[in-house]
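A.B. asks: Here is what each chain is made of, one letter per residue.
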Amino acid sequence: MAAFVIRRLVWLPILLFFVSVITFALGLYGPGDPVQVMLGMHANPETIERLRHEYGFDQPFYIQYLNYVANALQGNFGYSLVKYRDQPVGVLIAEKLPATIQLNLVAILLGCAIGVPLGLVAGLKRDTWLDLVVRGIVVAGISFPIIFLNPVLTFIFSRRHEFTLAATNFTFSIGPFLPMVQGHWDGLFSPKIILPAFIESLGVIAVLTRQMRAGMIEVLSEDYIRTARAKGLRERVVVVRHAMRNALIPIATILGLMLGGLVAGSFLVENWFDVPGVGQLAFDALISRDYYVIMALTLLIAVAYILANLFVDVLYGFLDPRIRQS
Amino acid sequence: MQLAGRIARNPPALLGALVILMVALMAIFAPALAPYAYDQQNLNAARQAPSPAHWLGTDDLGRDMLSRVIWGARSAVFVIVMVTIIDLALGLPLGAAAGYWGGWVDTLIMRVVDVLFAFPGLLFVFLVAATLKPGILNWAKAIGLNDLVRSGYLDYAVVIIALGGVGWGGLARMVRGQVLMLKEREFVIGARALGVPTWRVIARHILPNAITPIIVALSMGMGDIALSEGYLSFLGIGLQPPAPSWGNILADNAGRYWRTFPQMIWLVFIPGLVLAAVVFAFNFFGDGLNEALNPEIE
Numbered sequence: 001m002a003a004f005v006i007r008r009l010v011w012l013p014i015l016l017f018f019v020s021v022i023t024f025a026l027g028l029y030g031p032g033d034p035v036q037v038m039l040g041m042h043a044n045p046e047t048i049e050r051l052r053h054e055y056g057f058d059q060p061f062y063i064q065y066l067n068y069v070a071n072a073l074q075g076n077f078g079y080s081l082v083k084y085r086d087q088p089v090g091v092l093i094a095e096k097l098p099a100t101i102q103l104n105l106v107a108i109l110l111g112c113a114i115g116v117p118l119g120l121v122a123g124l125k126r127d128t129w130l131d132l133v134v135r136g137i138v139v140a141g142i143s144f145p146i147i148f149l150n151p152v153l154t155f156i157f158s159r160r161h162e163f164t165l166a167a168t169n170f171t172f173s174i175g176p177f178l179p180m181v182q183g184h185w186d187g188l189f190s191p192k193i194i195l196p197a198f199i200e201s202l203g204v205i206a207v208l209t210r211q212m213r214a215g216m217i218e219v220l221s222e223d224y225i226r227t228a229r230a231k232g233l234r235e236r237v238v239v240v241r242h243a244m245r246n247a248l249i250p251i252a253t254i255l256g257l258m259l260g261g262l263v264a265g266s267f268l269v270e271n272w273f274d275v276p277g278v279g280q281l282a283f284d285a286l287i288s289r290d291y292y293v294i295m296a297l298t299l300l301i302a303v304a305y306i307l308a309n310l311f312v313d314v315l316y317g318f319l320d321p322r323i324r325q326s
Numbered sequence: 001m002q003l004a005g006r007i008a009r010n011p012p013a014l015l016g017a018l019v020i021l022m023v024a025l026m027a028i029f030a031p032a033l034a035p036y037a038y039d040q041q042n043l044n045a046a047r048q049a050p051s052p053a054h055w056l057g058t059d060d061l062g063r064d065m066l067s068r069v070i071w072g073a074r075s076a077v078f079v080i081v082m083v084t085i086i087d088l089a090l091g092l093p094l095g096a097a098a099g100y101w102g103g104w105v106d107t108l109i110m111r112v113v114d115v116l117f118a119f120p121g122l123l124f125v126f127l128v129a130a131t132l133k134p135g136i137l138n139w140a141k142a143i144g145l146n147d148l149v150r151s152g153y154l155d156y157a158v159v160i161i162a163l164g165g166v167g168w169g170g171l172a173r174m175v176r177g178q179v180l181m182l183k184e185r186e187f188v189i190g191a192r193a194l195g196v197p198t199w200r201v202i203a204r205h206i207l208p209n210a211i212t213p214i215i216v217a218l219s220m221g222m223g224d225i226a227l228s229e230g231y232l233s234f235l236g237i238g239l240q241p242p243a244p245s246w247g248n249i250l251a252d253n254a255g256r257y258w259r260t261f262p263q264m265i266w267l268v269f270i271p272g273l274v275l276a277a278v279v280f281a282f283n284f285f286g287d288g289l290n291e292a293l294n295p296e297i298e
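Residue numbers (this note's numbering), protein chains in the order written: chain A, 1 to 326; chain B, 1 to 298.
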């Protein structure tokens, strides 16, 4: 176990090096010359040349890379060039991070609260109609495009619906059931969080349900479950203490990996609901070619993802003694 | 034949197979099936509800929705097929080599895959696509392919290269695992003892035995590719209008106008449901295929 963790720790800086070089190369050669972006389409070529020199964009790639890394290690990730002109990227991200973390936290909690029991039931009642329904929900959760759910669920839940009864003048209306975010984020306990968090949680629900169902089916066929039943333990004790606890172990892994993926995936939701979070920052930066912002965000998410991965592997060893010993 | 029978007895998988077949036929016969050209505008008939003249209504420029959806199938199928080919061309040999030789070959290839996986999925695809695009366009202009640049076909290349270049890692990991498991089996050791050349051992003895999980993974992956193409085009990094893509039809129609006039539900439901149906179909079909090919897990 110790050797495994040490091997992973040695690999960590190498991985970070490659990730940062690729991100830097994509940022530098990709979305357009930052000076051009800053000055607009009709800038004077001489001005562009002068600014390129001032910012060091005329230097060789490795010098620029080393400068970037040296600055980044001191917490300086450059400045926004477009929408948040001249604001330090680090400050921008720190400002936007809470909304995204809160949104993802609620999404993951929702996903666990719905996905784990669904998978548990499906695994216990395998091959019944209940199992079939749950598996249908799983496929639905990963199949509906977010870009479709966004407008449709907004329409259903965040708008007033007026109805007129046929042949009378009687009109009534229901809704809106849930308020929209529209740029004003009110934190964890505002009803505004429900709709975007629910849309993000659908993927979590699908993955957790599938894993929990498979885990339960596998665990229930183990010898120790038969032993537990043979001892005459009540079914509830067998399921909860013996089966469920073992089936939950892989869920921990998946949750860790999911955190990184969700933050990256949340920009479609954040953009539609106008959540002032990191996802929307990434979206704006990508569309407007705000080069330092894109780079810092990609790097940040990659680092978070790598660390989550490492953490999960270590955690896994603590949760499952069999792995620790091997 | 047995396989077809098993899938036919699984209603969701059968439904998935039918939807996939329908989309494939729509893609192949798009020019014959579509009642209008996909980019034919008629501003006098903008945003019309479904009618005999326009079965699925029209969008904000008066383009026939049915025609755009049918041509959109051609875009989606083309992207799915090409990306799958790239995934296979990279993931299969690299995964097999890593699993078979082990040692530094394995380390090198799997570390590259690790780096790919370290990036945040969809965001990385968008970044790669956004990066590739100006490069590919400038390169095409430089060698005098101005017509090609104007035609919009290079957008397909951007989408395909971005999705294929980022997506092969999963397949490589899976193939590696299969090869690692199979190379210790007696029939492989026997073949090597008989002096069968290495490439032949891999191609004729190992990979055919790993074909089941590969096919299942590809089938599930195709739904993801369709979804990613939709997202890319929705964001304006993928296929640009007037090129037809379900993602950009949704983007054209789901914006401010629909927020004001939500009673025009066809503007959003038609492209959205078509895209969802295709992803559904590939997932159901992949699930069914998995069960049909692995009866022992039943």
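It should be emphasised that the hints constitute simulated quantities derived from the structure, not laboratory data.
Given the structure is predicted, the values throughout are model-derived calculations rather than measurements.
No residue lacks a Cβ here, since even glycine has one placed at the ideal position from N, Cα and C.
Some clues are possibly wrong.
Interface residues of chain A toward chain B, partial, derived using beta-carbon atoms under 10 Å [said to hold, decoys possible]:
id	residue
1	Ile22
2	Leu132
3	Ser143
4	Pro151
5	Leu286
6	Ile294
A.B. asks: Check each numbered hint against the structure and report the violated ones by number, ascending.
C.D. replies: Hints that this structure does not satisfy do not exist here, as all of them hold.
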